[in-house]
Amino acid sequence: MEKVSQHLKAIPYQDLLDLQNSVERLHSWQQPLAVLDNFFMYRTGNINKKQIVKEYYASAHLFHAFYMEFNRLMECEEKTMEKIWQGRKVDPRLIRK
1 MEKVSQHLKA
11 IPYQDLLDLQ
21 NSVERLHSWQ
31 QPLAVLDNFF
41 MYRTGNINKK
51 QIVKEYYASA
61 HLFHAFYMEF
71 NRLMECEEKT
81 MEKIWQGRKV
91 DPRLIRK
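Residues 1 to 97 in UniProt numbering are what the sequence shown lists, from first letter to last.
None of these hints come from the bench; they were simulated from the model. Here the structure is a predicted model, which means the values were calculated and not measured. Treat the hints with care, since some could be wrong.
[As the list claims (entries may be wrong)] Label-pair restraints from in silico Cβ distances:
id : residue 1 : residue 2 : range
1  : 17        : 66        : 17 to 25 Å
2  : 61        : 22        : 20 to 28 Å
3  : 55        : 11        : 12 to 20 Å
4  : 84        : 62        : 26 to 34 Å
5  : 49        : 19        : 38 to 46 Å
6  : 44        : 71        : 29 to 37 Å
Glycine is no exception: its CB is placed at the ideal position from the N, C-alpha and C atoms.
Starting from the given sequences, assemble the full structure and let the hints guide the process.
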């Protein structure tokens, strides 16, 4: 049998720490996003319009903060992935899509 040459090399420890840090930052959004999910759930019964306006305003700010952080994290991770690809630490043909 012919041995298949694999181009896998060790990924630098700092890249692993960066990825772990990004995952932790994304996990930190679980509770605030649950608040947003609760706000947008279908409501039954009487509707307090003033309360809904206040909740909408707060939810809009919460969503905007998440949106900005998410975009920043995506940009950072794209740069990290680009750095890994440029270092040829992983052969792209071995990655499943």
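Quiz item: Per the hint of 17 to 25 Å, is the separation of the Cβ atoms of residue 17 and residue 66 within bounds?
Solution: For residue 66 against residue 17, whose Cβ atoms are near 23 Å apart, the range 17 to 25 Å holds.
Self-check item: Distance restraint hint 29 to 37 Å, applied to the beta-carbon atoms of residue 44 and residue 71
Solution: Holds - the Cβ-Cβ distance for residue 44 and residue 71, about 35 Å, lies within 29 to 37 Å.
Exercise. Please test the hint of 26 to 34 Å on the beta carbon pair from residue 84 and residue 62.
Key: holds (33 Å)
Exercise. Kindly confirm whether 20 to 28 Å is satisfied by the beta carbon distance between residue 61 and residue 22.
Key: holds (23 Å)
Practice problem: Can you let me know if the beta-carbon spacing of residue 55 and residue 11 is within 12 to 20 Å? | Solution: Violated, since residue 55 and residue 11 (Cβ atoms, about 44 Å apart) do not stay within the stated range.
Quiz item: How does the Cβ-Cβ distance of residue 49 and residue 19 compare with 38 to 46 Å: does it lie in that range?
Solution: About 45 Å separates the Cβ atoms of residue 49 and residue 19, which means 38 to 46 Å holds.
This entry does not satisfy hint 3, going by the numbered hints stated previously; all others are met.
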